[in-house]
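There are 4 protein chains.
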Amino acid sequence: MQKEKIKAPFFVVNPKSFLYGNPLMELARKADELAVHHAIDILFTAPSTELVNIVQECPNLVVTAQHVDDVSPGASMGKVSIESLVDIGVQAAVLNHADHPLSLSTLVHIVQRAKQKGLKTIICADSVLEAQAIALLQPDIVLAEPTEQIGQSQISSRDYVTSTIKKIKEINPNVLVEQGAGIRSEKDVEELFRLGADGVGVTSGIVKAAAPIEMMEKMMQAVSTINRERK
Amino acid sequence: MQKEKIKAPFFVVNPKSFLYGNPLMELARKADELAVHHAIDILFTAPSTELVNIVQECPNLVVTAQHVDDVSPGASMGKVSIESLVDIGVQAAVLNHADHPLSLSTLVHIVQRAKQKGLKTIICADSVLEAQAIALLQPDIVLAEPTEQIGQSQISSRDYVTSTIKKIKEINPNVLVEQGAGIRSEKDVEELFRLGADGVGVTSGIVKAAAPIEMMEKMMQAVSTINRERK
Amino acid sequence: MQKEKIKAPFFVVNPKSFLYGNPLMELARKADELAVHHAIDILFTAPSTELVNIVQECPNLVVTAQHVDDVSPGASMGKVSIESLVDIGVQAAVLNHADHPLSLSTLVHIVQRAKQKGLKTIICADSVLEAQAIALLQPDIVLAEPTEQIGQSQISSRDYVTSTIKKIKEINPNVLVEQGAGIRSEKDVEELFRLGADGVGVTSGIVKAAAPIEMMEKMMQAVSTINRERK
Amino acid sequence: MQKEKIKAPFFVVNPKSFLYGNPLMELARKADELAVHHAIDILFTAPSTELVNIVQECPNLVVTAQHVDDVSPGASMGKVSIESLVDIGVQAAVLNHADHPLSLSTLVHIVQRAKQKGLKTIICADSVLEAQAIALLQPDIVLAEPTEQIGQSQISSRDYVTSTIKKIKEINPNVLVEQGAGIRSEKDVEELFRLGADGVGVTSGIVKAAAPIEMMEKMMQAVSTINRERK
Numbered sequence: 001m002q003k004e005k006i007k008a009p010f011f012v013v014n015p016k017s018f019l020y021g022n023p024l025m026e027l028a029r030k031a032d033e034l035a036v037h038h039a040i041d042i043l044f045t046a047p048s049t050e051l052v053n054i055v056q057e058c059p060n061l062v063v064t065a066q067h068v069d070d071v072s073p074g075a076s077m078g079k080v081s082i083e084s085l086v087d088i089g090v091q092a093a094v095l096n097h098a099d100h101p102l103s104l105s106t107l108v109h110i111v112q113r114a115k116q117k118g119l120k121t122i123i124c125a126d127s128v129l130e131a132q133a134i135a136l137l138q139p140d141i142v143l144a145e146p147t148e149q150i151g152q153s154q155i156s157s158r159d160y161v162t163s164t165i166k167k168i169k170e171i172n173p174n175v176l177v178e179q180g181a182g183i184r185s186e187k188d189v190e191e192l193f194r195l196g197a198d199g200v201g202v203t204s205g206i207v208k209a210a211a212p213i214e215m216m217e218k219m220m221q222a223v224s225t226i227n228r229e230r231k
Numbered sequence: 001m002q003k004e005k006i007k008a009p010f011f012v013v014n015p016k017s018f019l020y021g022n023p024l025m026e027l028a029r030k031a032d033e034l035a036v037h038h039a040i041d042i043l044f045t046a047p048s049t050e051l052v053n054i055v056q057e058c059p060n061l062v063v064t065a066q067h068v069d070d071v072s073p074g075a076s077m078g079k080v081s082i083e084s085l086v087d088i089g090v091q092a093a094v095l096n097h098a099d100h101p102l103s104l105s106t107l108v109h110i111v112q113r114a115k116q117k118g119l120k121t122i123i124c125a126d127s128v129l130e131a132q133a134i135a136l137l138q139p140d141i142v143l144a145e146p147t148e149q150i151g152q153s154q155i156s157s158r159d160y161v162t163s164t165i166k167k168i169k170e171i172n173p174n175v176l177v178e179q180g181a182g183i184r185s186e187k188d189v190e191e192l193f194r195l196g197a198d199g200v201g202v203t204s205g206i207v208k209a210a211a212p213i214e215m216m217e218k219m220m221q222a223v224s225t226i227n228r229e230r231k
Numbered sequence: 001m002q003k004e005k006i007k008a009p010f011f012v013v014n015p016k017s018f019l020y021g022n023p024l025m026e027l028a029r030k031a032d033e034l035a036v037h038h039a040i041d042i043l044f045t046a047p048s049t050e051l052v053n054i055v056q057e058c059p060n061l062v063v064t065a066q067h068v069d070d071v072s073p074g075a076s077m078g079k080v081s082i083e084s085l086v087d088i089g090v091q092a093a094v095l096n097h098a099d100h101p102l103s104l105s106t107l108v109h110i111v112q113r114a115k116q117k118g119l120k121t122i123i124c125a126d127s128v129l130e131a132q133a134i135a136l137l138q139p140d141i142v143l144a145e146p147t148e149q150i151g152q153s154q155i156s157s158r159d160y161v162t163s164t165i166k167k168i169k170e171i172n173p174n175v176l177v178e179q180g181a182g183i184r185s186e187k188d189v190e191e192l193f194r195l196g197a198d199g200v201g202v203t204s205g206i207v208k209a210a211a212p213i214e215m216m217e218k219m220m221q222a223v224s225t226i227n228r229e230r231k
Numbered sequence: 001m002q003k004e005k006i007k008a009p010f011f012v013v014n015p016k017s018f019l020y021g022n023p024l025m026e027l028a029r030k031a032d033e034l035a036v037h038h039a040i041d042i043l044f045t046a047p048s049t050e051l052v053n054i055v056q057e058c059p060n061l062v063v064t065a066q067h068v069d070d071v072s073p074g075a076s077m078g079k080v081s082i083e084s085l086v087d088i089g090v091q092a093a094v095l096n097h098a099d100h101p102l103s104l105s106t107l108v109h110i111v112q113r114a115k116q117k118g119l120k121t122i123i124c125a126d127s128v129l130e131a132q133a134i135a136l137l138q139p140d141i142v143l144a145e146p147t148e149q150i151g152q153s154q155i156s157s158r159d160y161v162t163s164t165i166k167k168i169k170e171i172n173p174n175v176l177v178e179q180g181a182g183i184r185s186e187k188d189v190e191e192l193f194r195l196g197a198d199g200v201g202v203t204s205g206i207v208k209a210a211a212p213i214e215m216m217e218k219m220m221q222a223v224s225t226i227n228r229e230r231k
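Protein chains in written order, with UniProt numbering: chain A, 1 to 231; chain B, 1 to 231; chain C, 1 to 231; chain D, 1 to 231.
Derived from the structure by calculation, the hints contain no laboratory data.
Take the hints with a grain of salt, since some may be wrong.
Repeated chains share a single entry, so a pair holds when one copy, or any two copies, can fit it.
List of simulated lysine-lysine pairs, BS3-like, C-alpha gap at most 30 Å [said to hold, decoys possible]: (1) 218 to 3; (2) 3 to 231; (3) 187 to 218; (4) 208 to 167; (5) 169 to 115; (6) 30 to 167; (7) 30 to 166.
Keep in mind it's a predicted model, so treat the numbers as computed, not measured.
Please model the complete structure; the sequences and the hints are all you need to start from.
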């Protein structure tokens with residue numbers, strides 16, 4: 001189901017390359033159920049090889065690529081184009097993750113082309129200043145995540161979170177702000193939303209949990225609670 | 001159908017990112033039929049997003065990734081691991097294409113890991129010297145293709161072809177040598193095999209032909225003729 | 001002579017790697033004379049190997065590195081640190097040129113460290129949007145230069161020039177805006193200043209001129225004229 | 001003094017970017033004296049900004065760049081060309097260090113151009129297989145250094161050292177083999193030569209020694225001892 005626009009509060013399940021094949025599909029199917037059950041927007045990312053299967057089985061997820069290359073269909077080899085993502089039903093792509101740093105001119109170019117083709121963009125930012133610069137580029141979502149904290153077991157400091165959100169919205173009030181990094185429980189999810197986040201994204205907090213699917217359920221329950229409160 | 005080993009003469013259909021979705025699948029289905037009909041090994045490459053569909057519909061092709069990253073499953077974002085390719089039934093991967101130049105130490109590392117996991121490797125080489133260095137790394141196939149000729153409308157010179165094959169086999173007699181670049185017709189395919197190539201790979205010669213599927217049929221007929229002669 | 005701050009109108013001689021050794025030094029010595037004669041700020045860039053000689057012979061130039069790496073002195077190999085540039089008397093560095101595209105997080109980091117160490121920064125921008133994002137990072141100078149026009153024989157369009165300047169100053173009124181690309185004569189220099197540029201930078205217009213030193217003299221005369229008018 | 005060919009046993013002082021300005025020059029001057037005193041070939045590397053000063057003051061060193069770019073003089077920005085290195089009297093360049101990994105086709109191209117222009121090349125290799133592939137490219141020196149051991153406090157294992165040397169010489173008996181990584185004393189230097197190394201290179205062992213200049217003296221004394229023995 002193609003979303004016109006992502007609605008806050010939203011949740012992002014980002015299993016990176018920890019999962020593939022059946023374990024990934026199981027997590028995706030459960031996320032799909034919960035998206036319907038809680039009536040919230042859930043972005044679910046996957047490596048490019050896995051995207052088409054998830055799109056086909058999980059119509060209620062905003063299936064999201066973990067990267068997209070700055071190429072048009074043509075003579076490029078081993079690249080993933082915006083066009084091919086849209087063709088298989090992918091709705092969004094993450095850009096500028098620490099594993100795929102992009103130059104500013106590539107970012108400007110991809111965001112523009114993605115808008116034309118109907119692909120939503122989530123751009124990762126490290127510092128507050130970087131997050132502001134990215135907000136200027138008009139992506140759908142800015143993911144504010146200090147690189148040094150990726151994979152850590154503490155959420156970003158309250159100061160980082162609130163100041164980032166405030167300063168990003170000063171530059172562009174329409175952009176959605178996602179917080180990630182260091183989320184380990186449904187309490188962390190709730191806290192980040194109460195600090196003003198539009199969305200929350202989780203990797204290790206789910207894939208390394210004792211019971212990943214149960215943890216994901218609890219976290220989405222927290223999003224649902226916030227959703228009802230904000231209405 | 002998992003191949004133990006690629007057999008010469010083999011043919012590589014390499015549509016790069018020119019095709020995706022239905023047009024790509026149509027070409028793949030026809031190649032699958034021809035692989036059975038002529039009883040020859042056909043490698044068919046595709047962007048990572050398309051691989052799973054081709055594997056599922058085309059059991060007689062050696063479905064081949066156009067690139068694979070030097071990562072293990074884990075915290076990497078937007079990367080394609082050897083493990084995830086093998087999991088979906090991909091049998092080979094192209095490495096070191098001009099669009100994804102790899103350092104020598106990365107090449108050594110990926111080829112080693114690919115062997116352990118059962119993924120075949122095709123490594124692109126530019127000059128004769130580069131092709132020899134690559135042959136030392138013990139990939140399954142060396143693709144000898146002068147970078148400056150990619151996409152051109154002339155096959156590599158006879159001298160380049162024969163000297164490359166001779167010099168690669170001096171270093172490693174077991175590696176298969178694929179020739180590409182500038183192939184426009186079934187005659188070019190035949191000529192490259194008569195000059196000693198183990199395999200021939202084609203992009204523009206098929207995707208830019210007036211009738212791509214017919215051209216692919218004629219080229220595979222040429223491979224089949226060579227196959228009978230060599231027996 | 002260490003400048004506290006670059007003053008508009010300024011001029012940038014950017015011989016890229018066209019010149020080295022004596023021909024480069026000759027141009028630098030003449031630029032040094034003209035900086036004194038016209039009492040204007042002249043930035044003179046050079047490859048890293050040539051910087052120390054220019055600093056020693058040309059005390060009146062703002063000698064400028066063509067790139068600097070995001071490293072501190074230490075275990076890095078073959079990198080140029082801010083500290084080593086400052087140590088030899090270099091006053092500024094160009095960043096994010098199309099030949100050295102940097103990720104946004106690297107840019108943020110280098111600009112911050114450069115400020116602490118007393119090195120001025122000139123950051124290249126391609127599109128207007130990119131120029132605005134860069135202005136947020138608070139460099140000393142934004143060099144607005146559409147990548148596709150580098151080395152061409154036409155200056156950027158009037159629209160590009162005036163809109164870029166206006167939109168950059170909206171984001172950060174203190175940043176200086178340099179225009180480059182396609183400047184072939186002293187008339188082009190004058191026109192860019194009249195359109196509102198704070199500075200003008202030239203490569204091909206000088207190094208490929210029939211008489212490079214004479215052309216540089218005429219261009220600096222144009223800067224001097226503008227300088228007197230603006231007072 | 002331009003060397004026709006590096007003679008074994010040779011020594012490489014490689015201060016990376018730990019030193020610059022006066023402390024670097026002091027070390028270089030002492031190395032220059034010792035090169036004359038012991039009549040051995042000493043390669044001395046430095047960041048590109050420092051090379052010209054060392055060449056001018058230290059005529060008995062083989063002054064060596066820590067990297068060189070694959071560009072000809074021209075429109076490239078912030079790059080160091082072979083031509084500009086040769087022009088200032090630099091005699092050699094290190095390539096493919098872990099901080100500057102190069103694709104195989106770039107390596108082939110640079111080594112070829114360096115030969116034409118009279119610049120010697122030292123290429124870093126990680127594994128034995130990589131060292132063999134590099135030996136095929138005909139550089140002057142292969143620096144065999146397992147990446148994971150750079151900066152460590154143990155020399156490479158005897159097995160790594162002897163097997164690397166043997167296998168490299170099988171491929172190309174004319175290439176010189178330098179060993180590095182983990183050298184902490186004159187005893188380590190001696191041991192590596194006794195295991196068959198043609199040259200030994202040191203970074204941390206000198207720059208992090210309690211008394212760097214004295215340590216360098218002792219190490220070169222060890223080279224000198226080996227030199228007399230081998231005659």
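Here's how the hints hold up against the structure:
With identical chains, the CA atoms of residue 218 and residue 3 are at most 30 Å apart within one copy only, with a shortest distance of 24 Å there and 45 Å across copies. In this assembly of identical chains, the alpha carbons of residue 3 and residue 231 lie at most 30 Å apart only when taken from the same copy (20 Å versus 57 Å across copies). In this assembly of identical chains, residue 187 and residue 218 lie within 30 Å of each other by CA distance solely inside one copy; the values are 9 Å within and 61 Å between copies. In this assembly of identical chains, residue 208 and residue 167 lie within 30 Å of each other by CA distance neither inside one copy nor across copies; the values are 32 Å within and 44 Å between.
Taking CA atoms no more than 30 Å apart as the test, residue 169 paired with residue 115 passes in both settings, with 20 Å inside one copy and 27 Å between copies. For a Cα distance limit of 30 Å, the shortest separation of residue 30 from residue 167 qualifies neither inside one copy, at 35 Å, nor across copies, at 47 Å. Taking the closest pair of Cα atoms, residue 30 and residue 166 never come within 30 Å of each other, the shortest separation being 34 Å inside a single copy and 51 Å across copies.
Checked against the numbered hints above, the structure violates hints 4, 6 and 7; every other hint is satisfied.
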